Amino acid sequence: MDDIDRNIINSLQTGFPICDAPYWQVAQSLGISESELLARLQALLANGTLTRFGPLYNAEQTGGAITLAAVKAPAARFDEIAEMINACPEVAHNYARDHAFNIWFVLATETQGQLDKALQAIADRTGLKVYNLPKLKEYFVNLQLEA
Amino acid sequence: MDDTDRRIMHATQAGLPLVSEPYQVLAEQLGIGKDEVMQRLAAMQKNGIIRRIAAVPNHYRLGYRFNGMTVWDVADEPIDALGFKVGQLPFVSHCYRRPRHLPEWPYNLFAMVHAKTQAEADAQIRRIAEVLAENNRGCDVLYSTKILKKTGFRSG
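Here the protein sequences line up with chains A and B, keeping their order. Quick note on the working numbering: the first sequence kicks off at 1 and runs consecutively. Quick note on the working numbering: the second sequence kicks off at 1 and runs consecutively.
It should be emphasised that the hints constitute simulated quantities derived from the structure, not laboratory data. Since we're looking at a predicted model, the values are computed, not measured. Just so it is clear, CB atoms sit at the ideal spot from N, CA and C, and this is done for glycine as well. Where hints are given, some of them may not hold.
Simulated crosslink set (EDC-like; lysine to aspartate or glutamate; CA at most 20 Å straight-line) [what the hints assert, rightly or not]:
hint, chain 1, residue 1, chain 2, residue 2
1, A, K72, A, D124
2, B, K85, A, E138
3, A, K135, B, E104
4, A, K72, B, E104
5, B, K149, A, E80
6, B, K116, A, E146
7, A, K129, B, E104
8, A, K135, B, D140
9, B, K46, B, E36
10, B, K150, A, E83
11, A, K135, B, E77
12, A, K135, B, E36
13, B, K149, A, E83
14, B, K146, A, D124
15, A, K129, A, E80
16, A, K137, B, E77
17, B, K34, B, D80
18, B, K149, A, D98
19, A, K137, B, D73
20, A, K72, B, E77
Over the 12 Å line for every Cβ pair with chain B, so calculated as not near, a few chain A residues [stated by the list, open to error]:
hint, residue
21, S29
22, I32
23, T111
24, K117
25, R125
The shape of chain A in the complex, shown without the other chains:
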């Protein structure tokens, strides 16, 4: 990752134009060619520096249901439990955290009923209590990390 990559990452985290040739427009502002921007963006996505590039949808506003949930997996069963949770298509992200509550995952579905069912299925499959921690109020959301 060089300075041009860093400029691309910093610029594209803030937003992206909606116009006929948006990559060209961004490339102009960064002082590189459109083809270089596209090639570098492709590489940053391929090597995992960027996990995604595109519209970030607000799940509540799209009518879907979403929640954060956690379990306390016994150390000896950690991998097995993580795999069971990952196997659910409703699980969008899943993180290990260094705490008694050691597996934290986000579930997203189209309806609340599907969400409740998925949570119950995880509880049944793992035999663990699933702590459901839905967002009650959003105070701020804007993930931007300077590269």
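Here the structure of chain A is known, so what remains is to put chain B in place on it, guided by the hints.
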């Protein structure tokens, strides 16, 4: 949000096409005009269905090794005012109120912080504690140690 908006959402769930005219390519996929795609994306962005069109970095790959979910037990009454204040701190990426699960989980305010060093993370946590002051009845920090799964779906 109507059916066409939903089709645009599904078509862009994995990301925006990496081609010179991405909205034209989307339009061809969906069988609608490019101008309509652009208008609808702009409208969804304006009314908050789309937070923004943007790149999402892998924290670790940018050197942010300390990604802490800071959790706080704050009295219900002042939590909204305090939550907004904590959310305004420049290093907080997400700030939410969530339910407690007593007695095991007393925390109702969640703020995500990202730092390159432990010292930087500690300073961020101290800063949040200062904002909460006497309303901080207890806190914990859960650092992520591994991404177990991450799909294309992004809400943040």
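Hints, one by one, checked against the model:
1. A:K72 - A:D124: holds, 14 Å
2. B:K85 - A:E138: Cα-Cα ~12 Å, so holds.
3. A:K135 - B:E104: Roughly 18 Å between the alpha carbons, so the hint for K135 of chain A and E104 of chain B holds.
4. A:K72 - B:E104: Holds, because 11 Å separates the two Cα atoms, which is no more than 20 Å.
5. B:K149 - A:E80: holds, 14 Å
6. B:K116 - A:E146: Judged against 20 Å, a Cα distance of about 11 Å means the pair holds.
7. A:K129 - B:E104: Distance ~12 Å between K129 of chain A and E104 of chain B Cα, so the pair holds.
8. A:K135 - B:D140: holds, 18 Å
9. B:K46 - B:E36: Measuring from Cα to Cα gives roughly 15 Å; hence the hint holds.
10. B:K150 - A:E83: At roughly 13 Å apart (the allowed maximum being 20 Å), E83 of chain A and K150 of chain B satisfy the hint.
11. A:K135 - B:E77: It holds: about 17 Å lies between the C-alpha atoms, which stays within 20 Å.
12. A:K135 - B:E36: Roughly 33 Å separates the two Cα atoms, so the pair is violated.
13. B:K149 - A:E83: holds, 9 Å
14. B:K146 - A:D124: Not satisfied, since the Cα-Cα distance of roughly 24 Å exceeds 20 Å.
15. A:K129 - A:E80: holds, 16 Å
16. A:K137 - B:E77: OK: K137 of chain A and E77 of chain B at ~14 Å, within 20 Å.
17. B:K34 - B:D80: violated, 42 Å
18. B:K149 - A:D98: Holds: K149 of chain B and D98 of chain A sit about 16 Å apart, inside 20 Å.
19. A:K137 - B:D73: Given pair K137 of chain A, D73 of chain B holds - Cα atoms ~15 Å apart, limit 20 Å.
20. A:K72 - B:E77: violated, 29 Å
21. S29: Correct as stated: the minimum Cβ-Cβ distance to chain B is 15 Å, above 12 Å.
22. I32: It holds; I32 of chain A is separated from chain B by about 14 Å at its closest Cβ, greater than 12 Å.
23. T111: holds, 14 Å
24. K117: K117 of chain A clear of chain B: closest Cβ-Cβ about 18 Å, beyond 12 Å.
25. R125: Consistent with the label, R125 of chain A stays out of reach of chain B, its closest Cβ about 16 Å off (over 12 Å).
When held up to the earlier numbered hints, the structure conflicts with 12, 14, 17 and 20 and fits the remainder.
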